[in-house]
Amino acid sequence: MRDFNEATRAARERLDGETLSAAESAWLERALRGAAEARPRRRVWVLTGAAAALATVAAVVFFMSRETQTPGGFVVLSGKRACVTALADGVEVLASCALTPRLAVDGAEAELAAGTVLLREQSALRLRRGRATFAVTKRKPGEQPFVVRVSDGAVVVTGTRFTVSQSAEGGAVAVTEGTVELRWADGQVSPVRAGESVVWPRPAAKAEPMPDVTDELETPDAPSPQHGRRTTKAAPPPDANKVLRQLLQLRTQNRTDEALALLREARNNRAYTAVQRERFGFELCNLVTQARGGSEACACWKRHARDFPASARGEQVPEALRKCAK
Amino acid sequence: MMRNNAADLRIDSMDEGGGAIDAKAWVHEVYCRYDEQVFRVCMRFANGDRAWALDCTQDVFLRLLVKADTVRARGEPMAWLYRVAVNVCCMKLRRRSVAGRFLALLQARPAATSPSAETQFRAERAATEVEQAIAGLPVNQRAVMVLMHLDNKTQTETAELLGISQGQVSKLRAKAVQTLRQHDWDLDDA
Numbered sequence: 043m044r045d046f047n048e049a050t051r052a053a054r055e056r057l058d059g060e061t062l063s064a065a066e067s068a069w070l071e072r073a074l075r076g077a078a079e080a081r082p083r084r085r086v087w088v089l090t091g092a093a094a095a096l097a098t099v100a101a102v103v104f105f106m107s108r109e110t111q112t113p114g115g116f117v118v119l120s121g122k123r124a125c126v127t128a129l130a131d132g133v134e135v136l137a138s139c140a141l142t143p144r145l146a147v148d149g150a151e152a153e154l155a156a157g158t159v160l161l162r163e164q165s166a167l168r169l170r171r172g173r174a175t176f177a178v179t180k181r182k183p184g185e186q187p188f189v190v191r192v193s194d195g196a197v198v199v200t201g202t203r204f205t206v207s208q209s210a211e212g213g214a215v216a217v218t219e220g221t222v223e224l225r226w227a228d229g230q231v232s233p234v235r236a237g238e239s240v241v242w243p244r245p246a247a248k249a250e251p252m253p254d255v256t257d258e259l260e261t262p263d264a265p266s267p268q269h270g271r272r273t274t275k276a277a278p279p280p281d282a283n284k285v286l287r288q289l290l291q292l293r294t295q296n297r298t299d300e301a302l303a304l305l306r307e308a309r310n311n312r313a314y315t316a317v318q319r320e321r322f323g324f325e326l327c328n329l330v331t332q333a334r335g336g337s338e339a340c341a342c343w344k345r346h347a348r349d350f351p352a353s354a355r356g357e358q359v360p361e362a363l364r365k366c367a368k
Numbered sequence: 175m176m177r178n179n180a181a182d183l184r185i186d187s188m189d190e191g192g193g194a195i196d197a198k199a200w201v202h203e204v205y206c207r208y209d210e211q212v213f214r215v216c217m218r219f220a221n222g223d224r225a226w227a228l229d230c231t232q233d234v235f236l237r238l239l240v241k242a243d244t245v246r247a248r249g250e251p252m253a254w255l256y257r258v259a260v261n262v263c264c265m266k267l268r269r270r271s272v273a274g275r276f277l278a279l280l281q282a283r284p285a286a287t288s289p290s291a292e293t294q295f296r297a298e299r300a301a302t303e304v305e306q307a308i309a310g311l312p313v314n315q316r317a318v319m320v321l322m323h324l325d326n327k328t329q330t331e332t333a334e335l336l337g338i339s340q341g342q343v344s345k346l347r348a349k350a351v352q353t354l355r356q357h358d359w360d361l362d363d364a
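Chains F and R supply the protein sequences, listed in that same order.
Each residue of the first sequence is one higher than the one before, counting from 43 in my numbering.
Each residue of the second sequence is one higher than the one before, counting from 175 in my numbering.
Isolated chain F, as found in the complex (with noise of 0.2 Å):
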C-alpha cells in the first residue's frame, strides 16, 4: 500500500514551488491587456429595458471577436488571438504563443507556428520566418493562384496542403496533399508533389531533397514517393512519440540504463527525422547530466552542439556548454 498522506504531502511540496516563467508571464500579461483593450468601458447608466438589445448586440461582438480582421487581409479564426501581433502589412505570432493561431487570407487558411511573421505582398504573400501550413482551396481555372514568397522564389499554389519554413539561412517546403510549384528566384520550376519537401538555398544548381524538418514530433501519414525522384519518406517514418512515451516509462521506474540506451539507440537511428534526432540528443545529455553528470555529460553536450548545430533548444544547449567549461 502506498501512503497517500506521504505522497500528497510532496505533491504539496512541488505545487507550491511552481511558478510562471518569463514566457508565460509575458504571455499572460499580453492576453489580458489585449482583452482589456478590447473591451468596452461599461456604461453603469444603461438602462434595464435595453438588456435584449445589449445582449444582442454581446452575440454579435462574441462572434466577430472570433474572427478578427488585421491589416492584409489576414482575419484569425482561432487559437489566442493576443498571440498575433498586427503589423502593417501582415502578422506576427508572438514567439512565447503555446497554442498554434488559424487564420484566414486569400481563400486558404494557415496555421501559423510561433515565432512565424508572414507579410502581404502585393497580391502575394511572404513568409520571413517561421513555418506556416496553408490549406488552399482548389482554383478555377484561370484564376490567380495562392503564392507565398520566400528567400530563394516562390511557392505557387493551385489547391493543395503544404507546409513552408524559411529562416535567415534559407528554407523548405513540404507537401501532404497535391502538388505545388516551387519558382526559383533564378526562373527555373520545381514541382513539389505530395510527401516530397524542397529545401532551398540550393546547395549547387539543382533542388535537392531534404531531411524533414516541419514535422517535429509528429510522424503524419505521408503518400508514398512519386516519379522516384526528391523521395523524402522512402518507408513510413518510425514513431518517435512511442520511444519518449517508453521513455518516460522507464524514467518512471528509475530504469536510468535502459532510457539511456533508448535514447542513444533513436539519436542515432537515421530512419528519424534530423529535428527527432535532435530532440533525442536533447533528452539523453539531460538525462545524462542527473544520472552521470561530470565529464561524461560535458562529452555529451559537446556531441550535441557539434552534431547539431542549429538546436532549437535556445539558450539551454548553450548553458550546459558553459557550466561544462567552468
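If you're looking for bench data, these hints aren't it; they were derived computationally from the structure.
Source: prediction; values computed, not measured.
Every residue, glycine too, gets a C-beta built ideally from N, C-alpha and C.
Any given hint could turn out to be false.
Said to hold, decoys possible - Chain F stretches covered by chain R per the calculated footprint, using a threshold of three residues with CB under 8 Å from any CB of chain R:
# : stretch
1 : 43-50
2 : 301-308
As the list claims (entries may be wrong) - FRET-style restraints, in silico, Cβ to Cβ:
# : chain 1 : residue 1 : chain 2 : residue 2 : range
3 : R       : K241      : F       : T127      : 26 to 34 Å
4 : F       : A95       : R       : S339      : 52 to 60 Å
5 : F       : P243      : R       : D196      : 50 to 58 Å
6 : R       : Q342      : F       : G115      : 49 to 57 Å
7 : R       : R269      : F       : L119      : 15 to 23 Å
8 : R       : K241      : F       : K368      : 50 to 58 Å
9 : R       : R268      : F       : E185      : 41 to 49 Å
Starting from the structure of chain F, add chain R where the hints point.
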C-alpha cells in the same frame, strides 16, 4: 512587478496620489500580485499540464476583467480569484472527455522540454503518482480531493468553494477514498 503572498491582502482602490484608479489598472494590479497564486491553484487540477493551467489562469483574469467593479467593491480579490479558478478548472475538466484528456497528457508530458518537465522527472515519484491517481477520479470527486488534500482546505471550506453541502463533500470524498484504496493507496476515512 510587485508581489505579495498574503492571500487576504486587500487591494487599495486608490493610487499613490490618492486618486481613484480605473478598473483596468486595478485588474492589472491584481494580476501582478496574484497571477502566480492563481496559476498554482490551476496547476493543482492540471496533473502536470502547464499549458492547460496557463489557459485556466488566463480565463480567470478575463473573468475578473468582466466583473472588475463587483469584485473591487467586495475587496479581498484573492478569495474571488480562488473560487473562480476552482470553477474554471472544474468546468474545463468536465468539457474534456477522460480519454481526450489522458491522450493530451500523454502527448504533453514527454513533448515538453521546459524546466517543468525536467522538474517532474526529478520530483518524487509518489507526488506524480498521487496527482495522477487524483486526476483519474470523476471531476466532482477530483475537485474535493484536490481542495482537501492538495490545498489543505477543510470540509466546510471545500463545500463553500464548490457550492455544495458538507454532506455532499463527505460523500464525494468517501467515494474517492474507496476508488483510491482499490488502486493501492492507503488513506484515512476522516
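Status of the hints after comparison with the structure:
1. 43-50: holds (count 8)
2. 301-308: violated (count 0)
3. K241(R) with T127(F): 26 to 34 Å: Taking Cβ atoms as reference, K241(R) and T127(F) lie about 28 Å apart, which means the hint holds.
4. A95(F) with S339(R): 52 to 60 Å: Check failed, 39 Å falls outside 52 to 60 Å.
5. P243(F) with D196(R): 50 to 58 Å: holds (53 Å)
6. Q342(R) with G115(F): 49 to 57 Å: holds (53 Å)
7. R269(R) with L119(F): 15 to 23 Å: Since R269(R) and L119(F) have Cβ atoms about 20 Å apart, the given range 15 to 23 Å holds.
8. K241(R) with K368(F): 50 to 58 Å: holds (51 Å)
9. R268(R) with E185(F): 41 to 49 Å: holds (46 Å)
Violated hints, in rising order: 2 and 4; the structure is consistent with all others.
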